[in-house]
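Asks: Chain by chain, the residues:
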Amino acid sequence: MKHKQKQKKKKKSHIPLRMNILFFAVFLLFSILILRLGVLQIVQGEEYTNQVEQKDEISVDYSVPRGEIYDRNYQKVVYNIPQKAITYTPSKNPQPDDLLDVSKKLGQIIQMTDADKEKVTERDKKDIWLLENKNGDSLITKEEKEMLKDKKLSDSDIYQMKLDRITEEQLKSVDINVASIYRKLFNAVALTPTIVKNADVTDEEFAYISENLADLPGVNITTDWDRKKTYDTALSTVLGNWSQGLPAEQLEYYESKGYNLNDRVGVSYIEELYEDVLRGTKSKVKTVTDKNNNVVDTKVISEGQSGKDLVLTVDMDLQVEVEKIIEEEIQKMKEYPNTDTLDRAFVVVMNPKTGEVLTLAGKQYTGNKKTPWYDYAHGTFTSAYESGSAVKGATVLTGYQTGVISPGDQLLDEVFNIKGTQVISSYKVMGWIDDLTALERSSNVYMWKVAIAIMDGHYVSGQALPLNTDKIDLIRYYFSQFGLGTKTGIGFSEEIEGLKGAADVNAFQIGIGQLDTYTPLQLAQYVSTIANGGYRMQPLLVKEIRNPDVNDNALGSTIIEEMQPKVLNRIDMKSEWIEHVQEGFWRVTHGSQGTARSFFVNEPYDAAGKTGTAQSYKDGKSTYNLSFVGYAPFDDPEIAISVIVPNAYYGSNQPYSISNVISQRVFRKYFELKEKRQNNDLENDEAENNTEETDTEENLQE
Amino acid sequence: MENQKKVPDRFDWTLAFIIFLLFIVSIIAISSAQTSGQYEINFVKMQIFWYGVGAFIIAGSLLFDPDQYKKLTWILYGFGIFLLVALIFAPTSIAEPRNGAKSWFTFGPASIQPSEFMKTFLILAISRVIADHHQKFLTKTLKTDGWLLLKIGITTLVPLALILEQPDLGTGLVIIAITAGMVLVSGISWKIILPTFSVVAILGVTIISIMIYFPEFLKDHIDVYQYGRIYSWLDPYSYSSNEGYHLISSLQAIGSGEIFGKGYLGKEVYVMERHTDFVFSVIAEEFGFIGASLVISLFFLLIYHLIKIALESNTQFNAYICAGIISMTTFHVFQNIGMTIQVLPITGIPLPFISYGGSSLMGNMFAMGVIFSIRFYHKRYMFSTDKE
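First to last, the sequence lines map onto chains A and B. The numbering used here puts the first residue of the first sequence at 13, with every later residue one more than the last. The numbering used here puts the first residue of the second sequence at 6, with every later residue one more than the last.
Worth double-checking, as some hints may not be accurate.
What the hints assert, rightly or not - Label-pair distances were calculated between CB atoms; the ranges are: (1) B/Phe202 - A/Lys161: 54 to 64 Å; (2) A/Ile33 - B/Leu306: 47 to 57 Å; (3) A/Tyr171 - B/Leu169: 21 to 31 Å; (4) B/Ser98 - A/Glu144: 38 to 48 Å; (5) B/Ser98 - A/Thr133: 26 to 36 Å; (6) B/Glu101 - A/Lys161: 20 to 30 Å; (7) A/Asp187 - B/Val58: 56 to 66 Å; (8) B/Thr97 - A/Asp187: 50 to 60 Å; (9) A/Met159 - B/Ser98: 19 to 29 Å; (10) A/Ser150 - B/Ser98: 54 to 64 Å.
Stated by the list, open to error - Chain A regions said to be covered by chain B (calculated; three or more residues, Cβ under 8 Å): (11) 43-49; (12) 579-586.
What the hints assert, rightly or not - The calculated DSS-like cross-link candidates involving lysine-lysine, where the alpha carbons are at most 30 Å apart (straight line), are: (13) A/Lys381 - A/Lys241; (14) A/Lys184 - A/Lys131; (15) B/Lys50 - A/Lys154; (16) A/Lys163 - B/Lys107; (17) B/Lys148 - B/Lys76; (18) B/Lys50 - A/Lys164; (19) A/Lys161 - B/Lys50; (20) A/Lys184 - A/Lys116; (21) B/Lys267 - B/Lys50; (22) A/Lys365 - A/Lys336; (23) A/Lys163 - B/Lys76; (24) A/Lys311 - A/Lys269; (25) A/Lys131 - A/Lys117; (26) B/Lys50 - A/Lys157; (27) A/Lys346 - A/Lys311; (28) A/Lys686 - A/Lys241; (29) A/Lys298 - A/Lys336; (30) A/Lys633 - A/Lys336.
No lab work stands behind these hints, which were simulated from the structure alone. Predicted, not measured: the structure shown is a model, and the values here were computed from it. Every residue, glycine too, gets a C-beta built ideally from N, C-alpha and C.
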C-alpha cells in the first residue's frame, strides 16, 4: 500500500506542472488570436469598412466625334451631323427584371422608330410576357413541376413549354414600343454606353429624359454623330466607308486596340488608312459606387479628344466637274456603233511638281436605271490596262539611256515582216524619221526598233527575230523609274502594280505599251516625271492633318502635320534628254502632223502630251483602249493628267476620240476654275476696298 | 454505496452548460450564414438534429466508466484504423472523393468521416500507452523516456500516415498537435522533449522558408497546391487564387465588423463556406470584436474546465485523456480562427461545436462524452480510495 502511495505521489509530481505548462501554451495561442482580432477589427477596421462599402469602380469610355475631311480649298467633304441620342449603360450584371423596368419607364417617354419596332420578334415578346407574369408559373401544371423536381424534366424543357403555351391573345398585352426598347437594352454590352435611340429624338423626349435621369438607372442623354459625304457619290469610294460597330471578322484586332464593340471604324481607303488620325481618343470616366450602386464619386480620368481633321489635296470642284465630263463623254461615245464594250473611263489630275492629286476620277456605267454610275475612283490604282503609245516617252528615254539611240537619231519606219508572225507596221509607213517625229506621229516601228535593239535583236525583213528577252527586265527597270509597272506610293494596300506580259517573241511590244498593263495613277506619275524634268513624285492625297476645333463642326485651326512633297527617285536620264522628249510631247499637240494637234493647237494653255491606242480584249471582242497623258502649261506645268478609256470601241474605225476630248475638257475646266477663283479673289479684294471707300465717304459726310 | 451521490449530482453540469452556450452560438451563426443563399438546405435544422444525436452519444458514453474505456482502448483504436484502411480500398460509390480527398464514407444522404472519431480513439490509445508505461517502469530514466516516446510515436504514425494518404493535411496536423500535447504532459524528461520539439519546429520553419524563398528547390517533392496555399496566405492581394480571394473576403468581413459588429443578419461581405469552415467570419462580422472575443473566451473557458478536470482526476489515464482532448480542441480553434484572420494558412478544419457538420460534431461530442464519463465516475473512486 505504501508502495502504491509512493507511486501516486510520483505521478502527481509531473502531471500538474505539465498541465499548467499546456494551459499556459493554450493561453498564449488564444491571446495571439485576440490580439490579431484587435488589429483587424479595431486598428484596421475602418480601412476594411471602406473597402467593403466602396468596392465598385466602374470605368466608362465615351466615344468622341470622328475627324472630318476637307478638300484643298477647305470645303467640307465628309462631316458629322450632331444628333441627340439616348444611351443605356448596363451595370456589371444586369437583371432582366431591371431592364424591363427601365424599358417601361422609357417607353412612356420615347417612341422608337418603326424600323426598330419591326425588329421585335415573337420570342422577344414572349420573354417580356414571362417577365411580367411571374415567369409564366401559371402555364405549368403541378404534375410538371413535380417532374422537374424529380429531374424528369429539365429547366430548359419547362422554359420551352412555357414559350409554346403563350397564346397570341396573351401577347397582345405586350407593348411593342417597350419591347423594342427592351431588345436594345438586353443586347447592350455591360459597362458600355449603347445607343437606344439616335434618329429623330424630339426636343420633348430629350428634355423629359434629362429631367428624369435619376429614375432611369443607366440611361443617359448624349450627342451622337451621323457621318455624311457632301459631294454624294463624287470620289466616294476612295473617301472610304465606315462601319457601325466593329466588323465581325476583325473583332479581336480592333478590341486589342481599345475599341468597343459598337464603335465606328473606317473600313476602306481614306477612312481606313487614316483611322488612327480620324478616330480620336475616347474620354474615360471612372465612377465609384457604393454597395447599393449609388454613385459616390465621378472622376474624369482622361478628357478625350475628337478625331483629327484631314485636308485632302483633291479639288472637289474639279473632281465633280471631271466626273461629269467622264459621264457625258461616255454617253456621247456610246451613241456610236461598236461601243457596247465601253463602260468606264479614268482621269487622274496631279500637280507634277508636288505630286498632289487634284482629281482621282473613275466612273463605271452600270446600266442600272436607279444608279447608272458607279464611282470607280479607286480603279485609278486598283485596275490596270494596256495603255498603248502613251508610254513612248519612256521608251525613247530608255533608248537614250541604254545607248541604242541618241537624240536626233533617225530610224526607218517600214513594214515589219518577221518570219512566222503577222506583218505589222505603224498606222502609216513613215520612212526615215527622227525621234521627235516618231513621238509626234506616234511611230510604232521606231519604238519597236528601240526595244529590239535593247534586247540585242537585229531586225532583217523576212527573217526570224531572236531576242535576248532577259533584257526586258532592263526596260521594265527604267520604266519603273517613271512609276510604270510599280507601286506609285499612294499608300493604299489595295494598290496594284499591273500585269507583266510574257517575254516571248512579241516582247518588243513593250515599247509601244502593248505588253504590260499600267494603272491610270501610274500613267499620271509617269507623265509628271517627264513634265517636271525627271523627278518621280509620290502622289499625295492628304495635304494637312489638323487638330479639331473646340467647335467640332468647323475646320481645325491648328495644323499638326503638313505633308511635304516627296521625291521617290530621280530618273537616270540626263536633263537635256528629258527636255528633248518634252519637245516631242509638245509636237504631239502642236506639230503639223501631231496626233492630238487638232485638239490642242488652238487652246490657250499650251499643253504637251502623248496619245495612245492599245489593242485589248473584252467579251471575246478585239477592242481598243484609248489613252492620253499630258501636261500644261508647257513651260511651267501646273497639272499633269492621265486619261484612259478601256475598251472604248472595236472594229476598224475609231468613231470618236473620246480620250482626247476628255483631256481637252479637263484642261479647259482646270484653267476655267483657276481663272474664276482669281477673279473671285480680285472681286473680294475690290469689295473690301469699296467698303473702305464708303466708310471714308461716310466719314466725309459727317 | 449509500454514500454514492445521486446521479444528477455526478453529472458535470458546468461542462454541459458550456456546450449549450456553444450550441446557441452555433445556431445563431449558421442561421445567419445560410441567408447568403449558397445552398437550399436548412442547416440550422440539421445542426439541431446533430446536436440531438450528440446528446445521445454523450448519454451512451456515460454507460461506460473510464476503466472500461481503458479496456476497450485497443479495440476502438483497431476499429478506427480498420475504417481508415477500408476508406483506401472502398469503391468510390461509398467513398466519393470530396475536394480531391477520399475522407468520407457516403451512405445515401448520410456521410461519415472516420478520421473525426479516430482522433479520440488515438487520444485513448496514447493515454493507455503512457499510463501502462508508467505502471511498468516505476523509475524513469532517459532510456525509459526514450522508449515511451518511441511507443507514442508508433501509435501516432499509423493513423497519421493513413490520414495523410487521403490526403487530409488539416486532420493530419490535428493528430500531430494531439501527440505533441500529450508528449508534453506524459512526463517525458525535458532533455528529450526540448530537443525533439526544437528539431520539429526548426524543420517546419525551414521547409516553409524554402518554399517561400527557393521555390524550385522543393518543386519535385511538394504539390503546387501547397505552394499556392502558402503564397495566398502571405500575400492574398497579389496572389489572386481562389484561396487568396477567400482570405481577402474573410478579412474584409471580419475587419469591417469593427468593435461592435453589424448586428445579427447584418453581414455584407460574401465569404465562401460560411456555415462550415468560415463560420467564425459571420460571428466577427455581425458581432464585432466583442462578440468574437466572447466566443474565443468561451473556448478558453472550456479548456480551463478541462484542465481542472485533469488536475482533479485520480488516474493518470484520465489526466492524459484530458490533455489529449485539450490539445485537439485548442489546435482546432487556433487553426480555424487563425486561418480566417491570416494568422495561419487556410486548411479545411472546422471550428469545434460551431461549424456546421455532423461528423465533426459527433467526433467532438464523443470526446466530451469520455470527459463526462470521467467526471461521472470520478467521486466513487475518490471514496473508495479514502476507504482503503
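Asks: It remains to establish, for every hint, whether it holds in the given structure.
Replies: Going down the list of hints, with the structure as the test:
1. Against the hinted window of 54 to 64 Å, the Cβ-Cβ separation of phenylalanine 202 of chain B and lysine 161 of chain A comes to about 57 Å, which satisfies the hint.
2. Roughly 19 Å separates the CB atoms of isoleucine 33 of chain A and leucine 306 of chain B, a value that falls outside the hinted 47 to 57 Å.
3. Distance hint for tyrosine 171 of chain A and leucine 169 of chain B: a CB-CB separation of about 48 Å, inconsistent with the stated range 21 to 31 Å.
4. Taking 38 to 48 Å as the suggested C-beta distance range, the pair serine 98 of chain B and glutamate 144 of chain A conforms, at roughly 47 Å.
5. In this structure, serine 98 of chain B and threonine 133 of chain A break the distance hint of 26 to 36 Å, their C-beta atoms being roughly 48 Å apart.
6. For glutamate 101 of chain B paired with lysine 161 of chain A, a C-beta distance near 23 Å keeps the hint of 20 to 30 Å intact.
7. As the Cβ distance of aspartate 187 of chain A to valine 58 of chain B is approximately 58 Å, the hint placing it in 56 to 66 Å holds.
8. Threonine 97 of chain B and aspartate 187 of chain A have their C-beta atoms about 55 Å apart, which keeps the hinted 50 to 60 Å range intact.
9. Distance hint for methionine 159 of chain A and serine 98 of chain B: a CB-CB separation of about 27 Å, consistent with the stated range 19 to 29 Å.
10. For the pair serine 150 of chain A and serine 98 of chain B, the supplied restraint of 54 to 64 Å is violated, since their beta-carbon distance comes to about 42 Å.
11. For the region 43-49 of chain A, the stated coverage by chain B holds: 5 residues have a C-beta nearer than 8 Å to a C-beta of that chain, and at least 3 were required.
12. With 0 residues bearing a CB less than 8 Å from a CB of chain B, the region 579-586 of chain A misses the requirement of three and the coverage assertion fails.
13. For the hint pairing lysine 381 of chain A with lysine 241 of chain A, the CA-to-CA distance comes to about 22 Å; that is within 30 Å, so the pair holds.
14. A C-alpha spacing of about 17 Å is found between lysine 184 of chain A and lysine 131 of chain A, which places the hinted pair at or below 30 Å, so the restraint holds.
15. Between lysine 50 of chain B and lysine 154 of chain A the alpha-carbon distance is near 27 Å, which keeps this suggested pair within the 30 Å criterion.
16. As the CA atoms of lysine 163 of chain A and lysine 107 of chain B are separated by approximately 28 Å, the hinted pair is consistent with the 30 Å bound.
17. Taking the CA atoms of lysine 148 of chain B and lysine 76 of chain B, the gap is about 27 Å. The hint holds against a cut of 30 Å.
18. With a CA separation close to 28 Å, the supplied pair lysine 50 of chain B and lysine 164 of chain A stays within the 30 Å bound.
19. Distance hint between lysine 161 of chain A and lysine 50 of chain B is fulfilled; the C-alpha atoms sit about 22 Å from each other, no more than 30 Å.
20. About 16 Å separates the Cα atoms of lysine 184 of chain A and lysine 116 of chain A, which keeps this hinted pair within 30 Å; it holds.
21. Between the alpha carbons of lysine 267 of chain B and lysine 50 of chain B the distance comes to roughly 25 Å, so the proposed pair stays at or under 30 Å and holds.
22. With a C-alpha separation of about 26 Å, the suggested pairing of lysine 365 of chain A with lysine 336 of chain A holds against the 30 Å cut-off.
23. The suggested pairing of lysine 163 of chain A with lysine 76 of chain B is violated, with an alpha-carbon distance near 51 Å, which exceeds 30 Å.
24. As the CA atoms of lysine 311 of chain A and lysine 269 of chain A are separated by approximately 23 Å, the hinted pair is consistent with the 30 Å bound.
25. Between lysine 131 of chain A and lysine 117 of chain A, the direct Cα distance comes to roughly 20 Å. Compliance with the 30 Å bound is thereby established for this hinted pair.
26. Under the criterion of a C-alpha separation no larger than 30 Å, the hint pairing lysine 50 of chain B with lysine 157 of chain A is consistent with the structure, at around 25 Å.
27. Between lysine 346 of chain A and lysine 311 of chain A the CA atoms are separated by roughly 66 Å; this puts the pair beyond 30 Å, and the hint is violated.
28. As the CA atoms of lysine 686 of chain A and lysine 241 of chain A are separated by approximately 24 Å, the hinted pair is consistent with the 30 Å bound.
29. Taken as a hint, the lysine 298 of chain A and lysine 336 of chain A pair is broken in the structure, with Cα atoms around 52 Å apart against an allowance of 30 Å.
30. Under the criterion of a C-alpha separation no larger than 30 Å, the hint pairing lysine 633 of chain A with lysine 336 of chain A is consistent with the structure, at around 28 Å.
Going through the hint list in order, the structure does not satisfy hints 2, 3, 5, 10, 12, 23, 27, 29.
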